[in-house]
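K.L.:
Work out the full structure, taking the sequences as your base and the hints as a guide.
Residues per chain are reported as follows:
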Amino acid sequence: MKKQVGLYYSLPQIMWLLVFFAAPLGIIIAYSFLKKGLYGGVEPQFSLEAYTAMANPNILIVTWRTLKMSVIATILTLLIALPCGYSIARSQNQAMRLFLVIVPFWTNFLVRIYAWIAILGNEGFLNDIIRALHLRSESVQFLYNQTAVILVLVYMYLPYAILPLFSTIDKFDFTLLDAARDLGASRFQSYVRILLPNIKSGLVTAGLFTFVPIFGAYAVPLLIGGKDSYMLGNIIADQLTKTRNWPLASSISMTVTILTTGLVFLIAMRKPREQKQVFDADPGLITPVASGGR
Amino acid sequence: MERLRKGLLDFLGFALVSILLVLSGCGGGSKSKTLYIFNWTYYTPDSVIQKFEKEYGVKVVYDTFASNEEMFAKLKAGGSNYDITFPSGDYVSIMIKEGMLEKIDKSKLKNYGNIDPAVLALCDFDPGNQYSIPYYMGAAGVAVNKTKVQNYDKSWSIFARKDLANRMIMLDDMREVMGDALKYLGYSVNTVDQKQIDEARDLINNVWKPNLLKFDAEAFAKSFAAGEVWVAQGYAESIFAEVDKANWKDVDFFIPKEGGPSYLDSMVILKGSKNKDLALKFIDFIHRPEIYAEFCDYFGFPSTANVPARALKKGESWYRPEDLLNCELKKDVGADLEKYNAAWQAIRVGK
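Going down the list, the sequences are from chains E and X.
So in full-length UniProt numbering the end of the first sequence lands on 294, straight run, no missing numbers.
So in full-length UniProt numbering the end of the second sequence lands on 351, straight run, no missing numbers.
FYI, nobody ran anything at the bench for these hints, they're computed from the structure.
Treat the numbers as computed from the prediction; the structure is a model and nothing was measured.
Treat each hint with caution, since some may be false.
Claimed, not checked - Calculated cross-link-like contacts (lysine-lysine; reagent style PhoX-like; alpha-carbon spacing at most 20 Å):
1. X/257 x X/154
2. X/33 x X/154
3. E/227 x X/162
4. X/339 x X/108
5. E/35 x X/76
6. E/35 x X/249
7. X/276 x X/110
8. X/33 x X/276
9. X/276 x X/54
10. X/281 x X/108
11. X/33 x E/227
12. X/106 x X/274
To be verified - To give an idea of the interface, some chain X residues facing chain E are shown, with a C-beta separation under 8 Å as derived from the structure:
13. 70
14. 74
15. 75
16. 78
17. 165
18. 166
19. 203
20. 207
21. 226
22. 334
23. 335
24. 336
25. 348
C-beta atoms are modelled at their ideal positions from N, C-alpha and C, and glycine is treated no differently.
P.N.:
What follows is the structure, given as structure tokens:
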């Protein structure tokens, strides 16, 4: 009897997952195996065309570029987030500092992208300062290249890395660091050999939280990127809105989803061998589907 | 009409306004009729809509889209509440084929005679205008910041100038940019000849692209207004909406002498419209000379479709109707669109 009641309790959750996760995913899968309609949409006819079309060298170039940029952006994000999370965890007023990390979320992300354009532009604030200091007479071209895209991506996803890292480091027993120092480790050694292995799960979570959405980035490369910054998210959007090839958009989305889910599984499978449970305890670690919207 | 994209931000603002409009429409007790219009972002001035509402005692709900593809996809997906929409020529023919349009009773349009016969003659996407009434014909052109660039040829070849490298921008729009290159090479903007398409692709890839800052259909006007770029291919109304009025004198907008792809947007009544009569009245209202002149003045458009409105226009236009002479209407190329897709993808993906 009890078990049946439990089912009712979880019904809202199951419905939620079915309607907003399984059904859209099912539609994407189905569309990727259909023939494309001449004017958008699909014809009810089985076809593998969308998958063979992916062998196109252009798409492979973009996939490789997206992978490269996502890895670089993720590593940079972690390198910045690690000391941030550490300092928040050791700080006297954690609440205030966490609050400051969350504040940017209150501003729409598009507004924040345009803010970066205002800062980095040829006629932007940064160039104004450079000219005022007479460092350069001509303005420096900061925007519209891969570096700018990576910079803004790091900015965008930094909080997603700081928060899980903070929650892991916060649980770390800092007296272990003192013990390591007592036993002759240098300050640096104590961090690398004692702190890092103990917060591995937080690093993994932070890495996934940044890598997965960055891999599907759309708006940042569109607005901040230049001729060399066309990413997978942009290809998917263009297939839908410009070239009327819905099956191809679906098949690329599927591939992205499978790649990222595979990555999550691969990492999650390794978990049981480790002692720390933080990764498992993190709620809601569901791979964002495909482009992730940003 | 991609040219009316004014950045995602503006779209969000407009979405908010639309929501408010819908809400106010609901709150009004709604005894009066409501006309549902699905239109390009910034394509009919509010003042015109308000005059129509006042004169006929109705409410107008004005929702917006940013591209033909978006409009078409939404209507196909069952957004069937709309009465009127504004597709470009290629999409008029597609929507006729798909049976999405209602025939228009032209005998009820008193102002049909105001429409330029030369424009009507171009409507081969709907012979005899059985389903569509021209709204506006125009073309993207090139805006130049005259304080930075003094000597230039009014030609697409401006994009080949290495001295302006990284200070020029073109639309992220396949048919527009490919069409410019095809016209420059002396071909049709609707060609399906693979060799000609390849030639255009190589011209863009090897000669124009190295000098471009980027391809951008979202924020090109903002970049131009901010002085980020000095030469921008795009739509006049977007450019001048962003540039400060005080600086308009420093901007030259021209349609290159070789011509380019032009567009002809039409008003159509959707199948299943519950307000066919009101929709007809709206179409007729638009072509009243004084209303059409008001619409054109608002955007700085020349009065391309309506003849008597030309004499009533008070403001200046960014280009003249004659400038469109060498331009060619974009048409639906059907399955051959794949050829354009492949060429454009090669351009966009880059190294």
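K.L.:
If a hint holds in the structure, say so; if it doesn't, say that too.
P.N.:
Taking the hints in turn, this is what the structure says about them:
| no. | hint | verdict |
| --- | --- | --- |
| 1 | X/257 x X/154 | holds, 6 Å |
| 2 | X/33 x X/154 | violated, 49 Å |
| 3 | E/227 x X/162 | holds, 16 Å |
| 4 | X/339 x X/108 | violated, 43 Å |
| 5 | E/35 x X/76 | holds, 17 Å |
| 6 | E/35 x X/249 | violated, 52 Å |
| 7 | X/276 x X/110 | holds, 16 Å |
| 8 | X/33 x X/276 | holds, 11 Å |
| 9 | X/276 x X/54 | holds, 19 Å |
| 10 | X/281 x X/108 | holds, 8 Å |
| 11 | X/33 x E/227 | violated, 49 Å |
| 12 | X/106 x X/274 | holds, 18 Å |
| 13 | 70 | holds, 6 Å |
| 14 | 74 | violated, 11 Å |
| 15 | 75 | violated, 11 Å |
| 16 | 78 | violated, 12 Å |
| 17 | 165 | violated, 10 Å |
| 18 | 166 | holds, 6 Å |
| 19 | 203 | violated, 16 Å |
| 20 | 207 | violated, 14 Å |
| 21 | 226 | holds, 5 Å |
| 22 | 334 | holds, 7 Å |
| 23 | 335 | holds, 6 Å |
| 24 | 336 | violated, 11 Å |
| 25 | 348 | holds, 5 Å |
The structure does not agree with the numbered hints 2, 4, 6, 11, 14, 15, 16, 17, 19, 20, 24 stated previously, though it agrees with the rest.
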